[in-house]
Amino acid sequence: EEDKQALVRETPLGRLCTVRDVALAAGFLLGEDAAFITGQTLTVDGGFSL
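Residue numbers (my numbering): 1 to 50.
Everything labelled a hint here was simulated from the structure, so no lab data went into it.
Some hints could be false.
Stated by the list, open to error - Have a look at the derived ranges for each label pair, beta carbon to beta carbon:
id	residue 1	residue 2	range
1	Val8	Leu42	29 to 37 Å
2	Leu13	Ala34	16 to 24 Å
3	Leu29	Ser49	29 to 37 Å
4	Gln40	Glu2	17 to 25 Å
5	Lys4	Thr38	30 to 38 Å
We put the beta carbon where it would ideally sit given N, CA and C, even for glycine.
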């Protein structure tokens, strides 16, 4: 639990990723709004890797 709280503190959005976060990103990439996006990596980490 202590390690989990440390990750939360270090993440700019202040929370851990959820299944919904990943699903929404995948849904976006599958949708028409992303039709011209190719060969990219979409990092869903709440800004942790900045």
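Query raised in the report: Which hint numbers doesn't this structure obey?
Result: 1, 3, 4
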